[in-house]
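Q: So you can see what is in the structure, the chains are spelled out below.
Number of protein chains: 4
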Amino acid sequence: MIQVAVVGYGYWGPNLVRNFSDLPDARVVWVTDLRADRLAAVANRYPSARVSTDHNDVIKDPDVDAVVIATPVRTHFELGMAALRAGKHVLMEKPLAATSDEACRLLDEAARRGLALMVDHTFVYTSAVQKIRQLARSGELGELYYYDSVRINLGLFQHDVNVLWDLAVHDLSIMDFVLGRQPIAVSATGLAHVAGRPENIAYLTMFFDGRLIAHMHVNWLAPVKIRRTLVGGSRRMVVFDDLEASEKIKVYDRGISVDGTQDDLALMRIGYRTGDMWAPQLAIGEALHAVARQFVDLIVSKSPSPSDGFAGLRVVRLLEAATQSMAAQGRPVSVVEATAS
Amino acid sequence: MIQVAVVGYGYWGPNLVRNFSDLPDARVVWVTDLRADRLAAVANRYPSARVSTDHNDVIKDPDVDAVVIATPVRTHFELGMAALRAGKHVLMEKPLAATSDEACRLLDEAARRGLALMVDHTFVYTSAVQKIRQLARSGELGELYYYDSVRINLGLFQHDVNVLWDLAVHDLSIMDFVLGRQPIAVSATGLAHVAGRPENIAYLTMFFDGRLIAHMHVNWLAPVKIRRTLVGGSRRMVVFDDLEASEKIKVYDRGISVDGTQDDLALMRIGYRTGDMWAPQLAIGEALHAVARQFVDLIVSKSPSPSDGFAGLRVVRLLEAATQSMAAQGRPVSVVEATAS
Amino acid sequence: MIQVAVVGYGYWGPNLVRNFSDLPDARVVWVTDLRADRLAAVANRYPSARVSTDHNDVIKDPDVDAVVIATPVRTHFELGMAALRAGKHVLMEKPLAATSDEACRLLDEAARRGLALMVDHTFVYTSAVQKIRQLARSGELGELYYYDSVRINLGLFQHDVNVLWDLAVHDLSIMDFVLGRQPIAVSATGLAHVAGRPENIAYLTMFFDGRLIAHMHVNWLAPVKIRRTLVGGSRRMVVFDDLEASEKIKVYDRGISVDGTQDDLALMRIGYRTGDMWAPQLAIGEALHAVARQFVDLIVSKSPSPSDGFAGLRVVRLLEAATQSMAAQGRPVSVVEATAS
Amino acid sequence: MIQVAVVGYGYWGPNLVRNFSDLPDARVVWVTDLRADRLAAVANRYPSARVSTDHNDVIKDPDVDAVVIATPVRTHFELGMAALRAGKHVLMEKPLAATSDEACRLLDEAARRGLALMVDHTFVYTSAVQKIRQLARSGELGELYYYDSVRINLGLFQHDVNVLWDLAVHDLSIMDFVLGRQPIAVSATGLAHVAGRPENIAYLTMFFDGRLIAHMHVNWLAPVKIRRTLVGGSRRMVVFDDLEASEKIKVYDRGISVDGTQDDLALMRIGYRTGDMWAPQLAIGEALHAVARQFVDLIVSKSPSPSDGFAGLRVVRLLEAATQSMAAQGRPVSVVEATAS
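Protein sequences, first through last, are from chains A, B, C and D. With this note's numbering, letter number 188 in the first sequence gets 188, and the count goes up by one each step, no holes. To convert, take the position in the second sequence, counting from 1, and add 1000; that gives this note's numbering. To convert, take the position in the third sequence, counting from 1, and add 2000; that gives this note's numbering. To convert, take the position in the fourth sequence, counting from 1, and add 3000; that gives this note's numbering.
Just chain A, same shape as in the assembly (with noise of 0.2 Å):
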């Protein structure tokens, strides 16, 4: 039975308190929050778990086996590191850290310490996304063409951070586990439309070698909700639409043929295919269940997280470079790339 804490009673931290609840293998043994009037709520719902507004209590409290981080950006790197000295094994909320260089600690503090450390990327624990990277893994899609998201609504307007680190972490989380691939560089624009605030709308281009290109459009001031991503192959293409009750994924077999060489520009012909579409049906499952499922599992049987510390970092890295880019109105920033996990 893993002792769990869960530091952080916000937004996300119900959710993830009810998750981790709802494992055999697992108990949420304290809840921290800094605002004593989030804490009630909890004492209520989850007797066995006590509650405390000093996270200092889940790190002095050697009956912690594992804790989850989920406060703001700026402060992972602190708790993280306090759990992590204190032995414990960490699960933090995207993005992993609020720069590169903090994320390399974290890393390099969980590998010393033997600890888990996991992110909470939690789109790539969906049935869509796992789909969508079937498709893109296993040929079916042909060679990758592009990447292209759009996550845009009338959201909250963060104070700290700007709206990448806020809404293309998704995007950015999910592409790394689709493509399994790294940008080399980044080219982003974007603007803030409230003076002393962060970014509200951005553009973000990656490139890649070879043939592959990826853009990401976010927005905290859109009127309507847009969740839509296309994955463009040479063999077929896929429309991931969040906001579809069902057919969240289209699958089209749809696209070019080239004819001719490259030796013989003048003769090459290009052919256009359209053809059926498929709608693959998806499992249905809370996807911070599988989340919690998988640390628990890391902790256990060091069975491989598709959301480990250094997916955390790619992430990171690519957030940084494009708030660089942003700053140079596009000009474009070389990503250095991540060690592999």
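Since the hints were derived computationally from the structure, they do not count as laboratory data. Check before you lean on any hint, since a few could be wrong.
Unchecked claim - Listed next, the in silico DSS-like pairs over lysine-lysine satisfying Cα-Cα at most 25 Å (straight line):
no. : chain 1 : residue 1 : chain 2 : residue 2
1   : C       : 2250      : C       : 2225
2   : B       : 1131      : B       : 1250
3   : B       : 1225      : D       : 3302
4   : B       : 1225      : D       : 3060
5   : C       : 2060      : C       : 2225
6   : D       : 3060      : C       : 2225
7   : C       : 2131      : C       : 2225
8   : D       : 3250      : A       : 131
9   : A       : 250       : A       : 131
10  : B       : 1250      : C       : 2131
11  : B       : 1225      : B       : 1131
12  : A       : 131       : A       : 60
13  : D       : 3225      : B       : 1250
14  : D       : 3225      : C       : 2225
15  : D       : 3302      : D       : 3225
16  : A       : 225       : B       : 1250
17  : A       : 225       : C       : 2060
18  : C       : 2250      : A       : 225
19  : D       : 3131      : D       : 3060
20  : A       : 250       : A       : 225
21  : B       : 1250      : B       : 1225
22  : D       : 3225      : C       : 2250
23  : B       : 1225      : A       : 131
24  : D       : 3250      : D       : 3225
25  : A       : 225       : C       : 2302
Model the placement of chains B, C and D on the given structure of chain A, informed by the hints.
A: Relative to chain A, chains B, C and D alone:
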């Protein structure tokens, strides 16, 4: 009665001939195309129009008042210049020319000779785009925050121009008309998936003075067709979906309000407003009919055109800058301001 | 503080318990269900509620003020009558009873004892349905012409009631609330695709005095989920799509106008009007919370309820007549008018 | 070369003329209409066709092989009979005639003279409807359970026929083609909202032998346009949305399975199946071209037509029975079986 010659009878030419034929004060007297097979249909449908495979027949005919040029972009300058020098008014298919230098020289020639020079920015003549312009210019949207468009589908790969010149040209002409402001710099990214061909997927960000940003996504290799533009303002936001049969334009009373001042960032609070949506009924009518009407009015009564040569030049300048930036992976490129019309 | 007992803890019971628990002036003191396994969850979540597999524990408890009955329809009458006879107020799941005779007897019993009797016509408490009622009753739609609803999906086949009693009950309660008028006759058709089971697909037409007609389509065996209601009036028409995340209600300024008089049919001309569409922003909030609130207010302050026993009776009468007509392949059946509330 | 005359040049006539003109083995030699103004356009576009305001010119012309009749329904019988008696093949606009008696007499006349008699059931010639028929007839859908269609919009109110004869005629011809089975009884309801005019809203249920039911909803006074048909089978279900640009047909692997036998109802269990969806790519092409092609083939080589006179009669019999039932508020009316083609 204005005697009109149409040069180029491929995809768009027949529509131009039909619409000029429908005008009571214009007559189509010539239709030319390099391919004789295309001209066969003309003789049947428009017995009063002469046909030729040599556009010089048009240039030399003193009875021709105006030439409508619907040929590939690379031929625009030469054909347009020949027509102007022969004293004929010119309506050019979009984009006006292949370079801003060519566009300037066409403008100069037309101005020197007192001839009409107009570009067929067709969308500018639709009731949908005119409604958006009216909303934007009347202040109903408040301060303009962003302009975001997506124009993708499985489309014909062009040989000689990249996807920006083929698809984004529509969005740039719409944006020019709606905003009435010029970007000061652009950052574009894109990729060619067929070796030896120009880019078939592209992303274009434009920066303006103040808090306005614009972005366009164009793609010839998408599994689905999307034609969607968002215009975000401080008071209202517009979604324009050109594939909707009715309700092409939806106006949302949504957005944010900022309490507090810039001096007082710590106390600044953001409020969120979610109000009604409204879809104005739009007039029905073929936009190209209005283009033809406007061109004749420009010739006859100097009635000012929303798609005059200056508009054509402004769009070409943006395409030129974008293509330059795209070659440098998004490096920002400043836009020389075109003389206002 | 009203002491509430909830009888039946299957699909809907947990929602009832949660919403009554959230009221400041009510307390859930009992939860009963025939299946003990369902009750296990109650003890954890609501430590102050007692649980039992015998609903008589509730009936006999003098501290219970009100009983909420969420059991199969065939048990409504017996349970409701027992509760009323024990002097307890009753909130009944829809439909109120299995026959109009049973419904009448429940109404009589409640009236004689001065007890509250209410039906959980949940939709009547949504902001969407309240907006439609307001549009219809205020005259904004003009004279009402038709009410047309579709409620289909791949749903659970009930054992004891046909699809009208399971699905159309929602639409009938909405229609009753929106129109405030009673049909005078019904014609229904339907079919059972599983031998020995009640009809799983049904169509129901209702005739009113004057030029108003209503129709409902319900189906447990549809490949897609549709929840769409049209309300047509002489001045405006409403489309209510309950699956839309926002824009559930769209009001169209469309219709016809008739010139000329009936005496002069030959000269009568019909004009068509196609105007704007408008989607009012709707308040957010769980309808069942408002149901619970209303029930307590009805008990405490006799605050009139839009889903009182009379509304419940009117709906049951229509279901009864429709079932009768369906057995006779659509033969029209007249509806005895229920006493108005 | 078949010499064709088109009688009636209103809404649909121009499409018929155009499509027959496009056939290599047919020639349009006459176009007639009571209104001379409509004929002006013909002379320009089809110089080889003669025009007249008197259809007798067509009947008397011995060079005319076939007559295409696109006039109001009430004139179908007289015009068709005159053409057949003059020894001319006939293609009739839908519905074939105003009564089944008239339809029978047209069939008799054509049979006696060995002339072709065909109805323009246009939808039967679309690739979408042909795909649905293939799915239904091949057994891919399993046992057919229901056929459900909705065809509504703000449409032209007809003077002389109710909305069933104007709109449901499309659905009845599709259903006849797809199912290949005849209903044995109908129940219809509807209402006229304009005094003195026929019903503008109607609902039609059809009963078949076995476990098959069909329903149609047609309405000239709807705020939105809907063209949607569901075909439910025991193995698969189809959604046909004719307003979708692509993906008009979606095939769902969804449904129920019944365990246990009828003798053993208490133990009978229903299982629910939710599988993939598949949208077959459909061939592109104008259906009316195929109608014209089929008519000429029927004349020249007796190639059997899916919309021969018998199909026309079957549809008229259903319209007749439905109108009768509608006048009696849904009282079921049995359908006399039309002789199979």
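Q: If you check each hint against the structure, which ones fail?
A: 3, 4, 5, 6, 12, 15, 17, 19, 25
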